[in-house]
Amino acid sequence: MAELINTICSGIGFFLPFEWASHDFMRRALLAIILIGPAAAAMGIHMINFRMSFFSDAISHSAFTGIALGILMSFNPLLTMVAFGLLVGLIIVRIRKRSKLSIDTIIGVAFSTSVALGIVIISARRGLTRNLHSFIYGDVLAVGEVEIVLMFFLSVAVFAFTFYMYNRLVMMAVNEEVAKTRGVNTSLYEYIFSILLTLVVCLSIRVVGILLVTALIIVPAAVGRTLSKNVGELFWFSVLTALVASISGLILSYYWDSATGATVVLVCAAFFFMAQFVKGLRKA
Amino acid sequence: MMHVHSESKAATSEKKAAFESCRHTITIKDLTVKIGESVLLENVNATIHCGKTTAIIGPNGAGKSTLLSAIMGLIPYEGEIEFCQTTAHCVGVPNIGFVPQRIDFDRGMPITVLDYLCLSQQRRPLWLGVKKEVKEKSMRSLERVAADHLAKRALGKLSGGELQRVLLALSLMNDPNILLLDEPVSGVDMAGGELFCDLIEDLHKEKRFTLVLVSHDLSVVTSHADHVLCLNRTVQCEGKTVDVLTKETISDVFGLHVGLYGHKQCSDHHEEMS
Chain A
1 MAELINTICS
11 GIGFFLPFEW
21 ASHDFMRRAL
31 LAIILIGPAA
41 AAMGIHMINF
51 RMSFFSDAIS
61 HSAFTGIALG
71 ILMSFNPLLT
81 MVAFGLLVGL
91 IIVRIRKRSK
101 LSIDTIIGVA
111 FSTSVALGIV
121 IISARRGLTR
131 NLHSFIYGDV
141 LAVGEVEIVL
151 MFFLSVAVFA
161 FTFYMYNRLV
171 MMAVNEEVAK
181 TRGVNTSLYE
191 YIFSILLTLV
201 VCLSIRVVGI
211 LLVTALIIVP
221 AAVGRTLSKN
231 VGELFWFSVL
241 TALVASISGL
251 ILSYYWDSAT
261 GATVVLVCAA
271 FFFMAQFVKG
281 LRKA
Chain B
1001 MMHVHSESKA
1011 ATSEKKAAFE
1021 SCRHTITIKD
1031 LTVKIGESVL
1041 LENVNATIHC
1051 GKTTAIIGPN
1061 GAGKSTLLSA
1071 IMGLIPYEGE
1081 IEFCQTTAHC
1091 VGVPNIGFVP
1101 QRIDFDRGMP
1111 ITVLDYLCLS
1121 QQRRPLWLGV
1131 KKEVKEKSMR
1141 SLERVAADHL
1151 AKRALGKLSG
1161 GELQRVLLAL
1171 SLMNDPNILL
1181 LDEPVSGVDM
1191 AGGELFCDLI
1201 EDLHKEKRFT
1211 LVLVSHDLSV
1221 VTSHADHVLC
1231 LNRTVQCEGK
1241 TVDVLTKETI
1251 SDVFGLHVGL
1261 YGHKQCSDHH
1271 EEMS
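If you read the protein sequences in the order shown, they are chains A and B. According to the working numbering, the first sequence holds residues 1 to 284 in order. According to the working numbering, the second sequence holds residues 1001 to 1274 in order.
The set of hints was computed from the structure by calculation and includes no laboratory data. Check the hints yourself; a few may be wrong.
As the list claims (entries may be wrong) - Simulated pairs of lysine-lysine, DSBU-like, Cα-Cα distance not exceeding 35 Å:
no., chain 1, residue 1, chain 2, residue 2
1, B, K1205, A, K283
2, B, K1135, B, K1157
3, B, K1207, B, K1131
4, B, K1157, A, K100
5, B, K1029, A, K283
6, B, K1034, A, K97
7, B, K1132, A, K180
8, B, K1157, A, K229
9, A, K229, B, K1240
10, A, K229, B, K1029
11, A, K279, B, K1207
12, A, K100, B, K1137
13, B, K1131, A, K180
14, B, K1034, A, K100
15, A, K279, B, K1240
16, B, K1052, A, K283
17, A, K100, A, K229
18, A, K97, B, K1240
19, B, K1034, A, K279
20, B, K1029, B, K1240
21, B, K1152, B, K1029
22, B, K1152, A, K229
23, A, K279, A, K229
24, B, K1137, B, K1034
25, A, K180, B, K1207
26, B, K1132, A, K279
27, B, K1240, A, K180
28, B, K1207, A, K283
29, B, K1205, A, K97
30, A, K229, B, K1135
31, A, K283, B, K1034
32, B, K1034, A, K229
33, B, K1157, A, K180
34, B, K1205, A, K279
35, A, K283, B, K1240
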């Protein structure tokens, strides 16, 4: 696996004879961001459709607690982060199915509970904060081989999911009851969607950090929503925005010497405002 | 001679086809639906005859929509719901079409009417294009409900009546044996309601599906339904429309005095009760 990644990275160096692409860490970062950016956007489309933008916030903040737990118990923090994130995600979906509370109330409770738990752990064990730094702000330049492999499999899973279930998910988003009468197993899709979204959030944390994960997922999809007139365009605008913003953000961050994740999100945001402007022109 | 013979054969097969298409009588036995502690429906026993129009009436919270959900198999229940008269007719699950009362959705979603119809007809994601036959089928269904001019419109920009027709077009896509309508004309303006009633009448005459109609509007019920089911957690009364809809039973069910009046909107299509 490591060899394959190295081969791909030298391929990148060969096809992109630029200064920024001459560094090994930049080649890896490029690979990581191409794998995770568009996948995050593809999930973001449905997250906005389901009106659960807050969900990824809850997961990313619970990831913080998961990492703290991992460091505390000297376990691999990546593992505890994913496990704890999945736990919180499944609890949210479960409660939503059983209770009449609205989704943002449930998410709000889950969100604050997990953050509080994380702070309790961290405050009780001083010295943990230093390790958390790279998770809060993200560090795509330090992404390892294991993570790139994980991102690859996750990206494949996300696009397979969006290929087979896109139509059904959109139908569910318009109206769940009608979708059910058309034979859509809404419960199953909701669980699969939440699990995949949790995994995307956890792996995106390495790229953009806890604070900006939601932006990476939502902003490209918001651009897609602004520019498109039908559900086919929605997909393409969202995913292509993410791809272009990821690559150009990475390159800009190299020359500006700025944090990569934040720069990518900033480029996404620039696209968003341009999209609003274009839409304004279309209407006029 | 041969000619006559083949004609009579055709007539028999036609009769047989009509019989076949009309095999979905819904028999409900001791149906009870509970959610947590609250009992939404209790010991409901009823028969919804095939090919006829049955109206379900009752006050708010009587469990009318719950009964529809149970018929569609969307909620757990105790008791039995059967879709056939004799065991010989029990082949598979019937196609059930459903037009909900009023759908609450995100009106800013970039989805066209045509998109919405095509979504349920093809597995291939719409971002890789729509299959030609799916598009044609969807357009035919829209034409059937006088909504083909809406195909390219955004779903969120439709009026109540237009949306209702699009949902009807969607429910017709799979040629339903049973069509369930939940409050079809509430929240729709007069003209829209009239158009909808006309469409349903025409479709029902042509396809002879079993039609179940939940309605508050007693005038719609009197002008359309053959059969009426008064529901208030359990069946209060059941029978032919003319027999059931008397002042006494209505005030019993609704708990107030309601006068009957002729329905102007769809009365042209009033069908004689058999």
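Run through the hints listed earlier and report the numbers of any the structure violates, in increasing order.
1, 5, 9, 10, 11, 12, 15, 16, 18, 19, 21, 24, 28, 29, 31, 32, 34 and 35
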